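Protein chains: 2
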Amino acid sequence: MKSVVLFIGPAGSGKTSLTAAFGKWLWSRMVTPAAYVNLDPGVEYLPYRPDIDIRQYVTVEEVMKKYGLGPNGALIKSIEIACKYLDDILERASKLPAPYVLVDTPGQMELFLFREFGPRFVEKFKKAGHIIGVVILDPTLMRKAQDIVSLKLLSLLTSLRLGVDVIPVINKADAVEEGEILRDDERLRLELSRESEGVIGEISERILDLLNDYRLATRVPLVSATTGKGLEELYDMLHEIFCACGDLT
Amino acid sequence: MKSVVLFIGPAGSGKTSLTAAFGKWLWSRMVTPAAYVNLDPGVEYLPYRPDIDIRQYVTVEEVMKKYGLGPNGALIKSIEIACKYLDDILERASKLPAPYVLVDTPGQMELFLFREFGPRFVEKFKKAGHIIGVVILDPTLMRKAQDIVSLKLLSLLTSLRLGVDVIPVINKADAVEEGEILRDDERLRLELSRESEGVIGEISERILDLLNDYRLATRVPLVSATTGKGLEELYDMLHEIFCACGDLT
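Protein chains in written order, with UniProt numbering: chain P, 1 to 249; chain R, 1 to 249.
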């Protein structure tokens with residue numbers, strides 16, 4: 001069984017650079033450990049060499065020309081076309097000589113989560129390995145305690161929608177001071193009670209309770225694709241889940 | 001104070017056609033009731049005539065050409081550029097001679113939710129009116145009880161992220177049998193317990209409890225932009241919240 005890591009996050013969160021940096025980090029400490037799969041038909045440049053690339057089957061640019069679509073329509077259409085090649089991709093992925101398969105998901109997260117593509121990809125890839133999602137947010141979106149709750153909630157939504165374990169991470173850690181990010185549950189709750197009065201604060205507290213009870217999204221590593229910071233912590237967390245084989249389904 | 005309705009949903013959920021249909025429905029029963037604001041710089045065709053159109057300021061196509069970007073990069077860049085025009089848009093929107101302002105948000109929901117654009121838009125527009133978000137999902141994504149939980153969770157995330165009340169709706173109701181959609185809480189829970197064993201089922205139940213306690217996303221209207229089904233129910237729900245002035249913040 002392979003260990004499959006899906007890098008998932010909103011447009012601009014840095015999925016591609018984190019995929020590359022984590023792959024490079026794995027290679028630096030093991031022999032032939034990681035293979036790369038690119039699932040983004042709209043990406044222009046990749047900082048890693050993909051072993052499997054969705055663009056061999058379909059690109060957004062071609063779809064725009066061929067069907068006379070604008071960018072929105074072409075993104076949706078290309079993901080629908082990509083669905084047809086999932087069996088082929090799975091077959092090729094199963095044969096990759098690497099225990100770790102790093103999957104760089106489409107630039108627009110919602111095309112993976114809220115179309116057929118993501119759930120079907122996961123369903124098929126469960127045959128090849130154990131899958132964990134890494135849900136990435138940009139620290140520039142992490143200004144308030146409420147934003148951390150949003151990241152955790154997005155992780156929960158991803159976990160339920162795809163039926164996989166997830167780890168939320170804050171990327172581009174090099175761009176912020178560690179202390180600015182409220183990763184500690186106690187500090188987070190304190191800040192939340194200061195910041196959000198009334199219903200929003202109460203709901204946020206209950207979401208944190210729910211996640212803590214199931215030990216979901218409790219630890220949020222701060223990573224940087226640029227400096228390599230936090231990649232070891234991310235690896236340890238992935239390794240822990242892969243070893244426990246704690247599958248949510 | 002104006003009543004501002006944001007139509008929000010993942011790519012392909014039918015935001016634009018629902019905006020148009022709801023506007024048409026409002027016009028058919030009142031005099032000068034609704035104005036349209038298009039916030040999608042990537043849309044090719046609109047089935048309504050926008051009173052304010054973000055494409056007067058920026059289009060994804062221009063950004064692709066001018067900056068030599070692919071579709072992913074150009075979508076992000078155009079939303080960043082659009083941010084600069086928010087004050088101008090707000091000023092123009094305040095002067096629109098209509099009590100209802102219908103806002104068609106960007107094709108890719110995450111550009112609105114997880115960049116600066118959406119939160120800043122809402123912050124500014126709170127000066128002009130009371131804002132409610134309508135969170136739209138496609139019924140083809142509603143195959144399992146778990147999918148309804150995802151829609152409700154997405155609504156909660158939208159509500160927390162933007163600080164507005166939200167109503168989740170299932171669009172394209174003409175494409176499905178009403179009975180297929182589990183809108184009734186009791187039936188939903190029964191089906192959930194059949195479908196999801198273990199942790200996922202438990203977490204889903206607790207999410208439903210949380211939402212019910214705060215009367216959030218409890219009713220999910222089934223609407224159709226094509227047949228006009230459910231638009232009156234949606235109007236009544238919006239009206240109820242606007243009148244109560246129940247602001248979450």
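Just so you know, these hints were derived from the structure itself, not from any lab. Heads up, a few of these hints could be off.
[What the hints assert, rightly or not] The list that follows gives simulated cross-link-like pairs (lysine to any residue, SDA-like), each with its CA atoms no further than 20 Å apart: (1) P:K95 <-> P:I52; (2) R:K144 <-> P:R120; (3) R:K65 <-> P:E61.
[To be verified] Covered stretches of chain R (in silico footprint by chain P; criterion: 3 or more residues with CB under 8 Å from a CB of chain P, positions within the stretch not fixed): (4) 150-159; (5) 228-242.
This one's a predicted model, so the numbers in the text were calculated from it and none came from an experiment. Built from N, CA and C at the ideal position, the CB exists for glycine as well.
We went through each hint and held it up to the structure:
Of the pairs offered as hints, the one joining K95 (chain P) and I52 (chain P) holds, with about 11 Å between alpha carbons and a cut-off of 20 Å not exceeded. With a C-alpha separation of about 14 Å, the suggested pair K144 (chain R) and R120 (chain P) falls inside the 20 Å cut-off, and the hint holds. Only pairs whose Cα atoms come within 20 Å are accepted, and K65 (chain R) paired with E61 (chain P) is accepted, the gap being roughly 13 Å. Here the region 150-159 of chain R counts 5 residues with a CB under 8 Å from a CB of chain P, which clears the bar of 3, and the coverage holds.
Proximity of the region 228-242 of chain R to chain P, defined as three or more residues with a beta carbon under 8 Å from a beta carbon of that chain, is not established by the 0 residues found.
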